[in-house]
Amino acid sequence: MKHPNEATLALHAGGDLGLVARWRTERHLAKCGPCRDCVAAFAQLREVLPDLAEIPEVPWNRLAAEMRANIRLGLAAGECVRTGDGNEGATVRGSHRLSTGRAALAFASVVLLMYSGLLLERPSPVAVPLAGKEGPLVQATENGIQVRAGGSAFRLMNAGAKSVTYSASADGSLGARYVDPETGYVTINNVYVE
Amino acid sequence: MWSRAIPIPAVVVFLSAGTLLAQDAPLPPGSVNINLPANSPLALISTSLSDSRTTARGAALILDLHMSLTLRNSSQNRIHGVTLRVVSQEVTLGGKGWVTYPSLNVGPGEAFPARIDMQLMRPSPIISGTLVQVDLDGVLFQDLSFFGPDRLNSRRTMTASEMEAQRDRDHFKRVLAQSGKPGLQREMLASMAHQSEVSQLAVTVKRAGRAVTSAAVPGERTAEFAFLQFSDSPVAPLEGWAQLAGNEARAPHINVRNNSARAVKHVEMGWLVSDQSGRQYMAASVPSGDATLNLPPGKTARLDQEATLSFTSKGQPVNVQNMMGFVNQVEFADGRIWVPNRQNLDNAGLQKVLPPSAEEQRLTQVYLKHGLEGLVQELAKF
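Chains H and S supply the protein sequences, listed in that same order.
At position 46 of the first sequence the residue is numbered 45 (numbering that gives the first Met the number 0), and the sequence of numbers has no breaks.
At position 125 of the second sequence the residue is numbered 124 (numbering that gives the first Met the number 0), and the sequence of numbers has no breaks.
Rather than coming from a laboratory, the hints here were simulated on the basis of the structure.
Ideal Cβ placement from N, Cα and C applies to all residues, glycine included.
It cannot be assumed that every hint is accurate.
Computed list of lysine to aspartate or glutamate pairs in EDC-like fashion (alpha-carbon distance at most 20 Å, straight line) [stated by the list, open to error]:
id, chain 1, residue 1, chain 2, residue 2
1, S, Lys368, H, Asp179
2, S, Lys313, H, Glu141
3, S, Lys368, H, Glu181
Which chain H residues stay away from chain S? Per the calculated CB distances, all over 10 Å, these [as the list claims (entries may be wrong)]:
id, residue
4, Gly13
5, Arg154
6, Asp170
Cβ pair distances, simulated, as ranges [claimed, not checked]:
id, chain 1, residue 1, chain 2, residue 2, range
7, H, Gly183, S, Gln350, 22 to 28 Å
8, H, Leu74, S, Arg56, 19 to 25 Å
9, S, Pro107, H, Thr182, 18 to 24 Å
10, S, Arg301, H, Glu181, 42 to 48 Å
11, S, Pro107, H, Glu181, 21 to 27 Å
12, S, Pro107, H, Glu193, 34 to 40 Å
Using the sequences plus the hints, can you model the full thing?
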C-alpha cells in the first residue's frame with residue numbers, strides 16, 4: 000500500500016487539500032489506521048498552534064528581527080562571493096536579463112489579472128449610486144451646465160459658443176443661452192433638479 | 000541608463016495596462032432614442048452621432064454625445080420655437096435637461112439643423128439599453144399656437160421668448176424707420192457693448208438645504224426685497240424676503256397682487272442681488288411654485304421657493320448685501336403672456352444689469368456675420 004506523504008496528511012487535517020486530492024486521501028484513510036492517527040495528530044497540533052501566539056514568554060518580535068538580520072547577512076555574503084568571481088560581467092548581465100524577464104512577466108500577470116477581472120465583472124450589472132450625501136444640484140461648468148448627484152453627472156455642453164448667458168431659477172433649473180456657431184440658431188440648454 | 004533602470008518590456012506592458020484603464024470606444028448602437036409623436040409637425044430627416052464616444056476612466060464611464068439632427072417642418076404654419084426634452088434617468092435621478100431653439104423662422108416644408116452636445120458621467124462602466132432619450136416637448140408656431148405634451152412648460156417659456164423677440168424686433172425696426180441704417184448700426188454697437196459689460200454670476204442651485212460650494216457662512220439673516228414697479232405690469236409685488244448667509248441665498252418668498260382685470264396663472268419675478276461694492280447682478284428668477292396658481296383680479300398670492308442658491312464671480316464668492324425684485328413675466332389664465340417693455344427696463348436701469356433677449360443676441364450675431372444689409376434683410380422677414 001502506498002501512503003500519502005506527511006505534507007498531504009497535514010493539509011488534509013487543515014481541510015486545505017483540493018477536491019481530487021482530498022477524495023484520494025479520504026479513500027486511503029478509510030483503509031489505513033496509521034495514516035488516520037497521523038492526521039489526528041496534525042489536527043490536534045493545529046488546535047494547539049493558535050495558543051502559541053498567546054504565550055507571552057516567547058519573544059516573537061525578537062525572533063523575527065533575528066531572522067531578517069540573518070537573511071540580510073546571507074544576501075550580503077552572496078554578493079561578496081559574486082564580486083570575487085572572475086566571471087562577474089557575465090553574471091550581472093545574466094542576472095539583469097533574468098530580472099527584466101521577471102519584471103515583464105510580473106507586469107503581464109498583473110495586466111492579465113485586471114483584464115480577467117474586467118471580463119468577469121462585465122456580465123453582472125453594478126448598482127449605480129445616484130445621489131451623494133449632498134443631494135443633486137445644478138451648476139455651470141467650464142463648457143456647459145450640469146445636474147450632478149454623487150458620482151453621476153448629466154451635462155449639456157455649449158458647443159463651442161463664445162458668448163454664453165446663464166440664467167438660474169429658484170425652482171431648481173439653470174439655463175445657458177448662446178448662438179450656435181455652426182447652425183447660427185439661438186440655443187438654450189436647461190438642466191433641472193427636482 | 001533609463002532603459003536599464005526600467006526595462007522596456009515592462010514599460011510596454013505598463014502602457015498597455017493604462018490603455019485598459021482609459022479606453023475610448025464608439026457609442027453602442029441603441030444608446031440614444033429619439034422619439035417624435037406620429038402626428039408631430041416635425042419630421043426627423045437625419046441623425047448623426049459622429050464623434051460620440053465612451054471613455055472608461057477607472058471605475059467610471061464618461062459618454063460624450065454629439066448629436067446633429069435635421070428636422071423638417073411638416074406643418075402648414077411657420078415654426079418659431081422648438082423644445083426637445085433630454086433625459087438620462089439612469090444617470091441623474093430626479094434630474095433632466097431640455098434644449099430650446101427659440102427665435103426660429105422655419106416655413107412649411109423647410110428643414111433646419113438642431114444640435115445637442117452632452118456629456119454623461121456615471122460611476123459604473125456597464126452600458127446597457129438606452130442611455131439618452133430625446134422627446135419632443137413642444138413646437139411654437141408663428142401665430143402662438145402650440146403642439147406638444149408640454150411637460151416642461153415649454154409653451155409658456157417659448158411664448159414669453161417670442162413676446163420678447165417681437166418686442167425687440169419692433170424696437171430695431173422702429174429705429175431703422177426713424178434713424179435709418181446709421182441709427183440701426185449705433186443700436187447694434189451699443190447692444191454689443193452692453194453684452195460685453197453685463198456682469199454674470201456663477202450660480203449653483205440646490206432644491207433644498209445649502210449648496211455645497213458655498214464659502215464660510217457667517218450667519219444667516221432674513222433680508223427684505225426692494226421692488227421696481229412697472230406702471231403697466233398686471234401684477235404688483237407687495238413684500239418679499241429671503242434668507243441670506245455669506246454668498247448664499249435661500250427660500251425666497253414674495254407676495255404679489257393681481258392689479259389686472261384678468262385671472263393670472265403664473266408669475267415670475269426677476270431677482271437682483273448686489274454685493275458689498277454695490278455692484279448689481281441678475282441672480283435668478285423666482286417663479287410661482289404652485290403649478291395650479293389661480294390669482295383672480297384684485298387678489299394676492301405668495302410665490303414660494305425653497306431652493307438654495309450660491310453665488311460666485313470669477314471663482315470668488317459674492318456676498319449678497321441687498322436684493323431687488325421686479326415682475327419679469329405674467330401668464331394669464333387664457334394663455335396670454337405679459338413681459339416688460341423696453342421703456343420699463345430702460346427707466347428702471349435694468350438694461351445695464353439684464354442680459355439681452357435671445358432675439359437681440361441673435362440679431363447682433365446676424366449683424367456681425369452678415370453686416371448691416373444682412374440685418375436689415377433679416378428684420379424684413381418678420
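Hint-by-hint comparison with the structure:
1. Among the hinted pairs, Lys368 (chain S) with Asp179 (chain H) is consistent with the structure: their alpha-carbon atoms are about 13 Å apart, no more than 20 Å.
2. For the suggested pair Lys313 (chain S) and Glu141 (chain H), the alpha carbons sit about 11 Å apart, so the restraint of at most 20 Å is met.
3. Using a Cα cut-off of 20 Å, the hinted pair Lys368 (chain S) and Glu181 (chain H) holds, with the two alpha carbons roughly 12 Å apart.
4. The claim that Gly13 (chain H) is not at the interface with chain S holds, since no C-beta of that chain comes within 10 Å of its own (minimum 36 Å).
5. Listed as outside the interface, Arg154 (chain H) is inconsistent with that label: its C-beta sits roughly 4 Å from the nearest C-beta of chain S, within the 10 Å cut-off.
6. With a cut of 10 Å on Cβ distances, Asp170 (chain H) falls inside the contact zone with chain S, its closest approach being about 5 Å.
7. Checked against the hint of 22 to 28 Å, the pair Gly183 (chain H) and Gln350 (chain S) passes, with Cβ atoms roughly 25 Å apart.
8. The hinted range of 19 to 25 Å is not satisfied by Leu74 (chain H) and Arg56 (chain S), whose Cβ atoms lie roughly 42 Å apart.
9. Look at Pro107 (chain S) against Thr182 (chain H): about 20 Å separates their beta carbons, and that is inside 18 to 24 Å.
10. Between Arg301 (chain S) and Glu181 (chain H) the Cβ separation comes to about 44 Å, which falls inside the hinted range of 42 to 48 Å.
11. Roughly 24 Å separates the CB atoms of Pro107 (chain S) and Glu181 (chain H), a value that falls within the hinted 21 to 27 Å.
12. Separated by about 37 Å at the C-beta atoms, Pro107 (chain S) and Glu193 (chain H) satisfy the suggested range of 34 to 40 Å.
In this structure, the earlier hints numbered 5, 6, 8 are contradicted, and the remaining ones agree with it.
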